[in-house]
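Colleague: Residue numbers (the UniProt record's numbering), protein chains in the order written: chain A, 1 to 293; chain B, 1 to 293; chain C, 1 to 293; chain D, 1 to 293.
Hints listed in this document are in silico derivations from the structure and should not be mistaken for laboratory results.
Just to be clear, a hint being listed does not mean it is correct.
Pairs involving identical chains hold if they fit within one copy or between any two copies, as the list cannot separate such chains.
[To be verified] Here are the simulated DSBU-like pairs of lysine-lysine, each with C-alpha atoms no more than 30 Å apart in a straight line:
| # | residue 1 | residue 2 |
| --- | --- | --- |
| 1 | Lys17 | Lys273 |
| 2 | Lys106 | Lys139 |
| 3 | Lys175 | Lys13 |
| 4 | Lys39 | Lys149 |
| 5 | Lys15 | Lys175 |
| 6 | Lys139 | Lys175 |
| 7 | Lys15 | Lys39 |
| 8 | Lys15 | Lys32 |
| 9 | Lys139 | Lys196 |
| 10 | Lys13 | Lys273 |
| 11 | Lys32 | Lys139 |
| 12 | Lys32 | Lys17 |
| 13 | Lys196 | Lys273 |
| 14 | Lys13 | Lys32 |
| 15 | Lys39 | Lys17 |
| 16 | Lys196 | Lys175 |
From a predicted model like this one, the values you see are computed outputs, not experimental measurements.
Here is what each chain is made of, one letter per residue.
4 protein chains.
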Amino acid sequence: MTQTIPNSATETKVKVKMGDNHYGKADVRLFKVFRDQPKHEIKDVWVRVAMRGDFDAAHVEGDNTDLLATDTVRNTIYGLAVDGLTSSVEEYGKHLIRHFVEQGPKVTSATAYFTEHLWDRMQSNGEAHDHAFVRQMPKHTAVVEGDGKTFTVTSGIDELYILKTTQSGWEGYLKEPFTTLPETNDRILATVVTAKWEYQVDECDYDDVWQRVYTSLMDTFTDHYSASMQATLYKIGETVLTRCPEISRIHFAFPNRHHIQYNTERHGVTNPKSVFHADADPYGQIEGWVERA
Amino acid sequence: MTQTIPNSATETKVKVKMGDNHYGKADVRLFKVFRDQPKHEIKDVWVRVAMRGDFDAAHVEGDNTDLLATDTVRNTIYGLAVDGLTSSVEEYGKHLIRHFVEQGPKVTSATAYFTEHLWDRMQSNGEAHDHAFVRQMPKHTAVVEGDGKTFTVTSGIDELYILKTTQSGWEGYLKEPFTTLPETNDRILATVVTAKWEYQVDECDYDDVWQRVYTSLMDTFTDHYSASMQATLYKIGETVLTRCPEISRIHFAFPNRHHIQYNTERHGVTNPKSVFHADADPYGQIEGWVERA
Amino acid sequence: MTQTIPNSATETKVKVKMGDNHYGKADVRLFKVFRDQPKHEIKDVWVRVAMRGDFDAAHVEGDNTDLLATDTVRNTIYGLAVDGLTSSVEEYGKHLIRHFVEQGPKVTSATAYFTEHLWDRMQSNGEAHDHAFVRQMPKHTAVVEGDGKTFTVTSGIDELYILKTTQSGWEGYLKEPFTTLPETNDRILATVVTAKWEYQVDECDYDDVWQRVYTSLMDTFTDHYSASMQATLYKIGETVLTRCPEISRIHFAFPNRHHIQYNTERHGVTNPKSVFHADADPYGQIEGWVERA
Amino acid sequence: MTQTIPNSATETKVKVKMGDNHYGKADVRLFKVFRDQPKHEIKDVWVRVAMRGDFDAAHVEGDNTDLLATDTVRNTIYGLAVDGLTSSVEEYGKHLIRHFVEQGPKVTSATAYFTEHLWDRMQSNGEAHDHAFVRQMPKHTAVVEGDGKTFTVTSGIDELYILKTTQSGWEGYLKEPFTTLPETNDRILATVVTAKWEYQVDECDYDDVWQRVYTSLMDTFTDHYSASMQATLYKIGETVLTRCPEISRIHFAFPNRHHIQYNTERHGVTNPKSVFHADADPYGQIEGWVERA
């Protein structure tokens, strides 16, 4: 340790400036009960809000005059939810953005991110219960971006695990020196769906669209022999765009969760496509947008 | 750095011996398809096997003569599943243990742990599909322990998120200097169920018992005003032991996932028990066995 | 759906009783700064407290009269830390237990669990900083149990990833029909250490013991050719018990994180024990106590 | 359930086309030992490769002729590492991309993603060991994108937890109806660094740059009173761009991990900025690029 260590507090700095930047509050766990009817409804959603604008004074001079505290952002997300969260998270996103653009002196646009946990009504003593719920696996995600007047909405599905045990194959692909995989016309196809879609309308019933995308996915995943994850992705996109005129395009990210037939023959046990190793990693990752032609 | 640093390779050691010990393979991801009927069935389960016995030679002398490689354990878990995994994971556990006690020269007992991921048949184009599935949230866990002749079976439920939005309170508790919580007779009760139970029979239909425990939980969670997580735990245990004569006792671990009404009044917004902060931590943790009297 | 569905609220129940049970608060994130010296010190620890006693009234009758609210437990963990958390978490555990046994009318014993995150002093501008810290990977765990007068302390290490690239093998093990693994006298040995130990003294410098265990582990992991994970476990235990007279016995849980030489020869590439697949699962799991003879 | 359910296999679909898409292999766990010197070196890295090109035939017609299997991608990542992974992951990324653009008949560009786990040499028996290592908390990330001739490289730091116990405040911010946070000129500042940076040179010693960014971060985090996370972000960027002429701009994502002084006064305990609740969520999220002016 000699003088050659530069001292960050005193060394001469190059000239710099702020590029694109934003700030806000993340992981706000908002839960709302609609209790005006005997049959309660709930919204269980994690919210993040990020604000953009000219925040140079804060960054360069440490001058916080025009900054909303992120604690204020949190209070606002809860406070506005009382009257403002009445239908979909997408609509609430627009409401939040309008507020922050108006309230933050320097805020010119904002983005709201939502991860909505979905709960089914609990089946109890033979019927669907009025005020009890069981959490489901898939999530409804949404990103709403805007300047307070116009908005870009992206909705999505996350953590939806699906598989089929047959009617899927992988054949006819390129053979080259690093290729060792055998071809098959009967494999397990398993994935964890992450989907997102954009809209060609300014307003719609976002929860209803979500439901139609979900149903389209299930219907199409099973209606054909899958020549590849890619071919199935395209077909699902086709059904979604057919059934959801509100949507302009849809993106799928499909990890191909490999189920590898275990070689039990070397131990003298015949394995009739019955026992598999559900390989955690690595996995194929197939992603793409399907758009209107 | 002087000579005072002891050298682990040459310093004189005290006399030691092995205490309780075991070894085996963990996180074996076993997937089985039953394809002999047009309606396929699946088992998706993570398996761990641990073996006990006199393994002193391996520990003390580095002599592996009598050890099964854990890789062999893995091959066996897959290999035996072809013919041996035909019903519940609990039955397969007994099968595995019998094998390992017989096969390992020094193995006197073994334990098999299972985490079974549950999948529902997929709803596609209006009907339940023959060979497509959607993963569900809760898991079926099981631990089977034995010497190859007699077995102790513990089954369980894990990661089941349930909540009710009313009919729960917390009143009349002890007030002392560190107490600040206000009493309430109308709160949200939310938990993530971890349950396990033991049997008073040597054989039964384990999957059927699991289903009855699950239904009992749902039925009882909702059938009363909950004076506390403890009181609800007891009532659920009562129903389970009533409906499942196979079970000797049942244990619940209930995190009390607090949903705290957000104070929006300080911002001039009335919050009619509508908007809550779903607090991630800390949480109350209530655990106990309910047993036959 | 017919009348055969039992109604949990009205069906006749069997006689049951509470078995072993406890409750308390979990995941209390306690952070303490010692700022009386220019060189600040910190403790960053997640705490759980569970209380045992006769809580039958709460379970069976919904009578909370003698229960401490878990919210009170939380307030207490923070409140007592101001004066009571002055050295190790183990000492603070005794302090907490004494309090809860005294304060809870029905509490006869309690257990405190700690996960302490370890931070190193930050190296800044060439020296160790007075009040800045960088978090380290391993954790210091502790469980303290007692009736307020006598205590059982278990301390531990968690999430410590270590590996060596040679001086490890696996040979001479049992060959049977399910065995396919080739023998080797030169493999990578990698594990994630979870250790815990018990004491044969009532009082000691727990942080100092932790440090000696940690050093013993590093010193011994490297000082020999490892014939197996088991043999290395035994040798490390021997060093720990030699260097730590305070400890009566120590337990290690060693996942054997397999690094499998990748078969690149089939592509015409010689792989001189150089490129490996770090297999995430499954893994061998080797566990055992080393005790004084 | 009536005929109104559309059947996805037979309904008439709208016209669609593929938008931006790519595919490849993810979570390839590559481990390399450099054993030609007595002092071994290691690289422990998770790799993902995604390929872009005209894959319409595969998506639209299920024709796989021109597709590399993702299993081939895996074999290649391991196979090329024997001779091709000799220095930084960034360099290996270029090597991989050159290969895939050449090898995939339709591949026009590719992206390689790396998460490199960092290991320190183990301290054993008083010295740094030749072939034993201990894993560290922060990660070295990298994304390399290119058409095989020119490349865009982004490098990063992830999961680096840092904090300082004083010399940080939050004052002078905007007060509005949702604001409740009190001002402070002495708080704990804690974050988990995620950083990424771009280069203004085509070639450089990427590992050396990473080390300089890391050191700059530590040096600057501590060298000033922090008026806000934003102000500290800017200052760190300034030092990085001063010390790393190779870098064109740097982005930081700083969660503000709040440490909230616990109110023990209501229990009669004075808390001299000593005991804090380390709040897990929500957190402020501050993100921005610092660029050359």
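Colleague: Next step is simple, just say for each hint if it's right about the structure.
Modeller: Verification of the hints:
1. Lys17 with Lys273: Answer is neither: 61 Å inside a copy and 35 Å across each miss the 30 Å cutoff.
2. Lys106 with Lys139: neither (33 Å within a copy, 35 Å between copies)
3. Lys175 with Lys13: Answer is neither; intra-copy 54 Å and inter-copy 34 Å both fail.
4. Lys39 with Lys149: This pair counts as neither: shortest intra-copy Cα distance 35 Å, inter-copy 52 Å.
5. Lys15 with Lys175: Close neither inside one copy (53 Å) nor across copies (33 Å); limit 30 Å.
6. Lys139 with Lys175: neither (39 Å within a copy, 35 Å between copies)
7. Lys15 with Lys39: neither (62 Å within a copy, 34 Å between copies)
8. Lys15 with Lys32: neither (48 Å within a copy, 39 Å between copies)
9. Lys139 with Lys196: both (12 Å within a copy, 28 Å between copies)
10. Lys13 with Lys273: neither (65 Å within a copy, 35 Å between copies)
11. Lys32 with Lys139: both (16 Å within a copy, 27 Å between copies)
12. Lys32 with Lys17: Classified as neither; 42 Å inside a copy, 37 Å across copies.
13. Lys196 with Lys273: neither (34 Å within a copy, 33 Å between copies)
14. Lys13 with Lys32: Cα proximity of Lys13 and Lys32: none, with 50 Å in one copy and 36 Å across.
15. Lys39 with Lys17: Close neither inside one copy (55 Å) nor across copies (35 Å); limit 30 Å.
16. Lys196 with Lys175: This pair counts as neither: shortest intra-copy Cα distance 33 Å, inter-copy 37 Å.
Figure legend: structure checked against the earlier numbered hints; hints not met, in rising order: 1, 2, 3, 4, 5, 6, 7, 8, 10, 12, 13, 14, 15 and 16.
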